[in-house]
Amino acid sequence: MERLTPAQKELYDWLVDYIQTSHHAPSIRQMMIAMNLRSPAPIQSRLERLRNKGYIDWTDGKARTMRIVHQPEKGLPILGAIAAEGSVEKFMESAERLDLSDLWAKSEYYVLRVTGDSMIEDFIIEGDLVVMREVSSVDEAQSNDIVAAKVPGQETSLQRFYIKDNKVTLQPANARYKSIEIDANSLELQGVLVGIWRTIENNS
407 MERLTPAQKE
417 LYDWLVDYIQ
427 TSHHAPSIRQ
437 MMIAMNLRSP
447 APIQSRLERL
457 RNKGYIDWTD
467 GKARTMRIVH
477 QPEKGLPILG
487 AIAAEGSVEK
497 FMESAERLDL
507 SDLWAKSEYY
517 VLRVTGDSMI
527 EDFIIEGDLV
537 VMREVSSVDE
547 AQSNDIVAAK
557 VPGQETSLQR
567 FYIKDNKVTL
577 QPANARYKSI
587 EIDANSLELQ
597 GVLVGIWRTI
607 ENNS
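Offset between the sequence shown (1-based) and our numbering: plus 406.
Simulated from the structure, these hints should not be mistaken for lab results.
Be aware that one or more of the hints could be misleading.
If you anchor each label on the Cβ, the simulated ranges turn out as follows [said to hold, decoys possible]:
#: 1; residue 1: Q450; residue 2: Q426; range: 19 to 25 Å
#: 2; residue 1: Y515; residue 2: R409; range: 35 to 41 Å
#: 3; residue 1: D589; residue 2: G522; range: 37 to 43 Å
EDC-like, lysine to aspartate or glutamate: derived pairs with alpha carbons at most 16 Å apart [to be verified]:
#: 4; residue 1: K570; residue 2: D551
#: 5; residue 1: K415; residue 2: D466
#: 6; residue 1: K570; residue 2: D545
#: 7; residue 1: K459; residue 2: E527
#: 8; residue 1: K459; residue 2: E408
#: 9; residue 1: K556; residue 2: E540
#: 10; residue 1: K459; residue 2: D419
#: 11; residue 1: K556; residue 2: E527
#: 12; residue 1: K573; residue 2: D545
#: 13; residue 1: K573; residue 2: E594
#: 14; residue 1: K570; residue 2: E546
#: 15; residue 1: K584; residue 2: E540
#: 16; residue 1: K573; residue 2: E587
#: 17; residue 1: K573; residue 2: E546
#: 18; residue 1: K415; residue 2: E454
#: 19; residue 1: K570; residue 2: D589
Where a beta carbon is used, it is the ideal one built from N, C-alpha and C, also for glycine.
I would like the entire structure built from these sequences, with the hints used as guidance.
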């Protein structure tokens with residue numbers, strides 16, 4: 407498709423976001439406000455060019471029938487695999503994409519920042535952001551899950567969870583720390599790990 411000018415792309419990006427969120431087309435006045443314009447003429451000109459380039463379309467003579475023709479793909483492209491030892495060729499074209507938007511939209515999910523090194527042998531390190539699914543009882547977790555749990559008299563911690571005969575074992579993934587055994591009824595289970603987000607910065 408033909409490339410957009412910066413002004414056209416600004417309006418197009420705003421239209422995509424607005425229509426995906428509101429599920430209907432905006433008015434010319436709303437577009438003027440969003441683009442910080444006082445006249446409808448520049449908006450109408452950009453809309454015509456976006457239409458001619460195949461990015462949007464509408465039904466002539468009917469209000470608010472605008473639709474996005476060229477839907478931007480969600481997520482990040484998955485370009486191949488990588489091994490920890492040696493190299494792997496990157497795929498130049500890929501239909502697969504990593505889209506996390508559904509994950510972030512789930513109301514029962516929340517994020518914690520990891521401190522300490524008690525889960526280092528499970529490759530969870532200080533500074534990682536862990537995505538948790540909120541739970542309220544031990545019945546919502548399974549043995550071998552990684553959970554956020556609070557033992558009476560202690561702070562909430564991230565541990566491996568094991569349960570048998572109403573007895574819970576919380577196992578850190580670091581030989582320097584001891585496991586905790588507790589009655590299931592005395593444990594406050596707050597979340598189950600569903601994902602890890604790590605940002606790697608080059609500070610050199």
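Here's how the hints hold up against the structure:
Separation of Q450 from Q426 is about 22 Å and conforms to the stated range, judged on CB atoms against 19 to 25 Å. Evaluation of the 35 to 41 Å hint for Y515 and R409 yields a pass: the beta carbon distance comes to about 37 Å. About 25 Å separates the C-beta atoms of D589 and G522, a value inconsistent with the hinted range of 37 to 43 Å. For the suggested pair K570 and D551, the alpha carbons sit about 14 Å apart, so the restraint of at most 16 Å is met.
For the hint linking K415 to D466, the alpha-carbon distance of about 23 Å lies beyond 16 Å, and the restraint is violated. Proposed proximity of K570 and D545 is supported: the alpha carbons are some 12 Å apart, at most 16 Å. At roughly 53 Å between alpha-carbon atoms, K459 and E527 are farther apart than 16 Å, so this suggested pair is violated. The straight-line distance between the Cα atoms of K459 and E408 is roughly 6 Å, inside the 16 Å bound, and the hint therefore holds.
For the hint pairing K556 with E540, the CA-to-CA distance comes to about 13 Å; that is within 16 Å, so the pair holds. For the suggested pair K459 and D419, the alpha carbons sit about 15 Å apart, so the restraint of at most 16 Å is met. A threshold of 16 Å between alpha carbons decides the hint, and for K556 with E527 the separation of about 21 Å lies outside it, so the pair is violated. The straight-line distance between the Cα atoms of K573 and D545 is roughly 12 Å, inside the 16 Å bound, and the hint therefore holds.
At most 16 Å may separate the alpha-carbon atoms for a hinted pair to count; K573 and E594 meet this at roughly 13 Å. Among the hinted pairs, K570 with E546 is consistent with the structure: their alpha-carbon atoms are about 14 Å apart, no more than 16 Å. Between K584 and E540 the alpha-carbon distance is near 25 Å, which puts this suggested pair outside the 16 Å criterion. Distance check on the hinted pair: K573 and E587 sit about 7 Å apart at the alpha-carbon level, within 16 Å; holds.
For the hint pairing K573 with E546, the CA-to-CA distance comes to about 15 Å; that is within 16 Å, so the pair holds. With a C-alpha separation of about 13 Å, the suggested pairing of K415 with E454 holds against the 16 Å cut-off. With a C-alpha separation of about 10 Å, the suggested pairing of K570 with D589 holds against the 16 Å cut-off.
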